[in-house]
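When we follow my numbering, the leftmost residue of the sequence shown carries the number 333, and every step to the right adds one.
What the hints contain is simulated information worked out from the structure, not anything from laboratory work. Worth double-checking, as some hints may not be accurate.
[Claimed, not checked] Under the rule of at most 35 angstroms between Cα atoms (straight-line distance), these lysine-lysine pairs were calculated in the DSBU-like manner:
id	residue 1	residue 2
1	Lys-475	Lys-490
2	Lys-445	Lys-498
3	Lys-437	Lys-447
4	Lys-436	Lys-456
5	Lys-477	Lys-511
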Amino acid sequence: MTGYRSDLKYKSNELGNYIDITHKYSTKKKRVIMDTIPTYRADVYYNGKDYKFISVRYTMLKDKGQYFEIDNNRYEYEKIKKEIDDKYQFIFSIFSGDIIEVQKKDGTIEKVKFKGVNDDEAKKFEIDFIDKNNGGIIENLRKLKEILKNDKEIYIEKNLNELFNKEFEHKEAVEFLEKFPTSSKQKFLTIGKDVVKFEKIYINVLGKEYISQEKFENIIKK
């Protein structure tokens, strides 16, 4: 089963920097590399019940001169390793910056921005808000927590309402802030644990959103 797309968006002159970054340093005797290789994209598969994905990292790309091509042997090895068999159907690829719609186990639905694969084995994605930066939100929440330590009665609900587009009452705002984790500025999503369903959002040049790629492509042709 081939399923996945082997065509790539572009060839970057800086692609090699993701692996070997020796040229950025003055050292001549030592080689400097990045030990964490970024994800080029994630290919998502679904069998009607469970989601699995292949992390297509930059180390899986072969330089063909004018373009890069995915190493098919390494890709197939990853499919075997993750037990992605013929029961799984390829549904889409997601790149950094793509928007996905997520349905969580509690029934809530949220649209988020995909940033990359954080933990391949744990099926964990790094994500962000579409119109806000999670790191900036965490920084603001840390400041509010410090203020709240000194004055439990201070009105923080206005700040939280602006940050999350909610309508918290004072007590709700305090409880929410005290429980909200602020140890990391990264925002994560675990497929299978937090998420029961997710889909890629396709956006046309006018900004209209489509969940179905087929419908999106038919609109483009008209």
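Here's how the hints hold up against the structure:
no. : hint                 : result
1   : Lys-475 with Lys-490 : holds, 14 angstroms
2   : Lys-445 with Lys-498 : holds, 20 angstroms
3   : Lys-437 with Lys-447 : holds, 22 angstroms
4   : Lys-436 with Lys-456 : holds, 14 angstroms
5   : Lys-477 with Lys-511 : holds, 10 angstroms
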